[in-house]
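Peer 1: Here is how the chains run, residue by residue.
2 protein chains.
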Amino acid sequence: MKCAGDIDTRDVEELYINIDPIQAGGRLTPEALKAVIAYGDGYSVCDNCRKPFRLDYIQKPPIADFHAELAEWLGMDTARVVPGARRGFQAVAGTYVEKGDPVLLTALSHYTEFVAIEQSGGVVREIPKDQRNHITAENTAEKIEEVTREFHKPPRLIFVEHVDYQYGHIHDIRGIARVARQYDIPVLLNGAYSVGIMEVNGKSLGVDFVVGSGHKSMASPAPSGVLATTGERAGEVFRTTGARGDVTGRTFGIKEVEMMGCTLMGVTLMGMMASFPVVKERVLHWDREVAHSRIIAAALESIEGTTILSDMPRDHSLTRVNTIGSFDRVAQTHKKRGFFFANELKKRGITGVIPGSTRVWKYNTYGLTEAQVRHVATSFIEIAGENGIPVR
Amino acid sequence: MKCAGDIDTRDVEELYINIDPIQAGGRLTPEALKAVIAYGDGYSVCDNCRKPFRLDYIQKPPIADFHAELAEWLGMDTARVVPGARRGFQAVAGTYVEKGDPVLLTALSHYTEFVAIEQSGGVVREIPKDQRNHITAENTAEKIEEVTREFHKPPRLIFVEHVDYQYGHIHDIRGIARVARQYDIPVLLNGAYSVGIMEVNGKSLGVDFVVGSGHKSMASPAPSGVLATTGERAGEVFRTTGARGDVTGRTFGIKEVEMMGCTLMGVTLMGMMASFPVVKERVLHWDREVAHSRIIAAALESIEGTTILSDMPRDHSLTRVNTIGSFDRVAQTHKKRGFFFANELKKRGITGVIPGSTRVWKYNTYGLTEAQVRHVATSFIEIAGENGIPVR
Chain A
1 MKCAGDIDTR DVEELYINID PIQAGGRLTP EALKAVIAYG DGYSVCDNCR KPFRLDYIQK
61 PPIADFHAEL AEWLGMDTAR VVPGARRGFQ AVAGTYVEKG DPVLLTALSH YTEFVAIEQS
121 GGVVREIPKD QRNHITAENT AEKIEEVTRE FHKPPRLIFV EHVDYQYGHI HDIRGIARVA
181 RQYDIPVLLN GAYSVGIMEV NGKSLGVDFV VGSGHKSMAS PAPSGVLATT GERAGEVFRT
241 TGARGDVTGR TFGIKEVEMM GCTLMGVTLM GMMASFPVVK ERVLHWDREV AHSRIIAAAL
301 ESIEGTTILS DMPRDHSLTR VNTIGSFDRV AQTHKKRGFF FANELKKRGI TGVIPGSTRV
361 WKYNTYGLTE AQVRHVATSF IEIAGENGIP VR
Chain B
1 MKCAGDIDTR DVEELYINID PIQAGGRLTP EALKAVIAYG DGYSVCDNCR KPFRLDYIQK
61 PPIADFHAEL AEWLGMDTAR VVPGARRGFQ AVAGTYVEKG DPVLLTALSH YTEFVAIEQS
121 GGVVREIPKD QRNHITAENT AEKIEEVTRE FHKPPRLIFV EHVDYQYGHI HDIRGIARVA
181 RQYDIPVLLN GAYSVGIMEV NGKSLGVDFV VGSGHKSMAS PAPSGVLATT GERAGEVFRT
241 TGARGDVTGR TFGIKEVEMM GCTLMGVTLM GMMASFPVVK ERVLHWDREV AHSRIIAAAL
301 ESIEGTTILS DMPRDHSLTR VNTIGSFDRV AQTHKKRGFF FANELKKRGI TGVIPGSTRV
361 WKYNTYGLTE AQVRHVATSF IEIAGENGIP VR
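Chain order of the listed sequences is A and B.
Using our numbering, read the first sequence as starting at 1 and increasing by one per residue.
Using our numbering, read the second sequence as starting at 1 and increasing by one per residue.
Calculated directly from the structure, the hints in this document are not laboratory data.
Careful: at least some of the hints might be erroneous.
[What the hints assert, rightly or not] Under the rule of at most 35 Å between Cα atoms (straight-line distance), these lysine-lysine pairs were calculated in the DSBU-like manner:
(1) Lys347(A) to Lys34(A)
(2) Lys153(B) to Lys51(A)
(3) Lys2(B) to Lys335(A)
(4) Lys51(A) to Lys2(A)
(5) Lys60(A) to Lys34(A)
(6) Lys347(B) to Lys2(A)
(7) Lys51(A) to Lys335(B)
(8) Lys2(B) to Lys336(B)
(9) Lys34(A) to Lys60(B)
(10) Lys34(A) to Lys51(B)
(11) Lys51(B) to Lys336(A)
[As the list claims (entries may be wrong)] Stretches of chain A that chain B covers, calculated by requiring three or more beta carbons in the stretch to come under 8 Å of a beta carbon on chain B:
(12) 7–21
(13) 123–129
(14) 237–243
Ideal placement from N, C-alpha and C gives every residue a C-beta, glycine not left out.
Pulled out of the complex, with its shape left as it was, chain A reads as follows:
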């Protein structure tokens, strides 16, 4: 079915149980879909924009209140919405990084952090992961020392994943931030896989910036996200423009340089706002999501030749699994080769595993119901059994 012109209607979330690693937390709530319909038009939130003409001052719809609540909810002092987490990284990098400055990322950092630093002219160095694939305070301290020797100055910033995209590991942010504070280096928390699905309190973690992704974990349309910070840092990253026209003498009031003025002027922001009450509630039930993740990880581990590469027992819904000794062995001789696996899942109403992947892959169980979790777990075991893989 076409929704418009040559564009097929998307019905993945209606027809399938979707365990795609990046899509799970960004499915809209029914509330968000209603807001999306009501605020689809371009500058839809600007009907009642009055002086001083900035998005976060708009009272109707209640955008100003939302900004205040968002900051408080993240345990920070000030928050702004941004077109995706990456634009939050860019704003922080743009504020602090001068050409040639070293910036610490980690061995598990997302590519968008690399390009944010590259865009600002900085030089990336990675904090190594330990043998458990964790970023530790100890490795952070060592890397700070190493970089300081190399560049004759300490790293300008540290960007660290709260939960990384590779393993879904929850890292020791408090320990890392404590080390960073000893060197007076600001820390940015990449909360793309935590903000909106787990409780996150930036002050309690000791970080300077919290970045979240609306479309990844806050049940919001893309591109959307949040950048929250402390009172101390807000004046830096949210500094207002100092530009002045040499001919006209124009100045531009309270427009913020790194935000480029207003950011999300319509459907994206309204989706975030409409989902927010649900999001605030759902983070309180993270234990349920962890329980679901464990059920599916246990099912996979019961299949001979299968190893969960993420921390066990699972403490996050995003999981990395190695099926080289199980499903990939089947793929070697199956007439559909590696595609048999995604096909078998699809027959059972499950999607989100890249077709052809049977070696090392990821899935995300976030937001599934109890019944869906049981069905996914059973499906993995069934597919193994039907293809002659022993199940313990």
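Based on the hints, put chain B in the right spot on chain A.
Peer 2: Using the frame of chain A, we list chain B on its own:
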């Protein structure tokens, strides 16, 4: 009526004739609203993202085709979608401007161009407007010479409005670009008020970059926009990342630094794509929009003490008007003061003039039907007559 939580349903476009200066060209088409509903979920366009994993390579939905068509339609070689025109300015500034470099904007430039240059460390100089409030080739040449003397180097870039936000004037881009070429300075066309409502051909205008706004003029949700360029410049502004992890050795393939990888991963892009066939058709009927603009401008000018400040006869739907000698005189003694004017318009089903404005204000007639145009024209004249302002 609430659409979600404490958020009122937006019904401005359903209940009123909206002549807001910035909203007219960004109202969704019915096709876009259908796509918005189908693709509301966060990463909705990523279902079939395969190697090399970049937005503009996705075949289903037909995002790759859309990118090619968009470039061709703008008379350029390569196009990317961006989260608003301002992010297009930022990408170009980020590519070319080093700290302290002079960049030419104009006396009619939008604030987002100023912050883009400020963000990249550049120094803005304005090309003066002439007495008719136009940016001319002559003034451009003079300013280039002046800046070159001041900075001991020529401007690094010139950003020029195709149609400016203050008067809705169509500027002599060909002439300006010809001058810029003599000095070998790249020119960016800000097409926020042209791309999507008028025919725009970047190569024929002689510019290096064309930037358009989805939510301002392409019937698309916010934030969205386009940055298109020539084959020569594409390798610069769309350069791919050179980042490499020092510990992991990771590289990040064909992710583009200034785009920060992918840009519009869901509803915003799908809204643009769904509206695109309608947008391509509607730019061919610009003459109709100009005729409508003239009807309303004529009605306003027939009201004593009223002056159209934009070019007459009107050649754009965005218009600046001075009613200090008419509606503002009424406001002096009216019990509702300046608010009487927006109130009277609202009674007649017309919205989009900032409540309280009766001195110098702007309106946009884009997209109104013939009957709506007649009604708006008659309404201005009626409000004048009922308040004792002579009408010629």
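Peer 1: Could you run down the list of hints and mark each one as holding or not?
Peer 2: Cross-check of the supplied hints:
Taken as a hint, the Lys347(A) and Lys34(A) pair is honoured in the structure, with Cα atoms around 31 Å apart against an allowance of 35 Å. This hinted pair does not check out: Lys153(B) and Lys51(A) have alpha carbons roughly 39 Å apart, beyond 35 Å. The suggested pairing of Lys2(B) with Lys335(A) is violated, with an alpha-carbon distance near 54 Å, which exceeds 35 Å. For the hint linking Lys51(A) to Lys2(A), the alpha-carbon distance of about 43 Å lies beyond 35 Å, and the restraint is violated.
Distance check on the hinted pair: Lys60(A) and Lys34(A) sit about 17 Å apart at the alpha-carbon level, within 35 Å; holds. For a cut-off of 35 Å, the pair hint linking Lys347(B) to Lys2(A) is broken: about 40 Å separates their Cα positions. At roughly 23 Å between alpha-carbon atoms, Lys51(A) and Lys335(B) fall within 35 Å of each other, so this suggested pair holds. Straight-line distance between C-alpha atoms of Lys2(B) and Lys336(B) comes to about 29 Å, which keeps the hinted pair within the 35 Å bound.
Simply put, Lys34(A) and Lys60(B) have alpha-carbon atoms about 25 Å apart, close enough for the 35 Å limit, and the pair holds. For the given pair, Lys34(A) sits about 34 Å from Lys51(B) by alpha-carbon distance, which is consistent with the 35 Å threshold. Of the supplied pair hints, the one linking Lys51(B) and Lys336(A) holds, its CA atoms being roughly 20 Å apart against a limit of 35 Å. Using a Cβ-Cβ cut-off of 8 Å, 8 residues of the region 7–21 of chain A lie near chain B, which meets the minimum of three, so the contact claim holds.
Residues of the region 123–129 of chain A lying with their CB closer than 8 Å to a CB of chain B number 5, which satisfies the three-residue condition for coverage. Given a C-beta distance limit of less than 8 Å, the hint that chain B covers the region 237–243 of chain A holds, as 3 residues qualify and 3 suffice.
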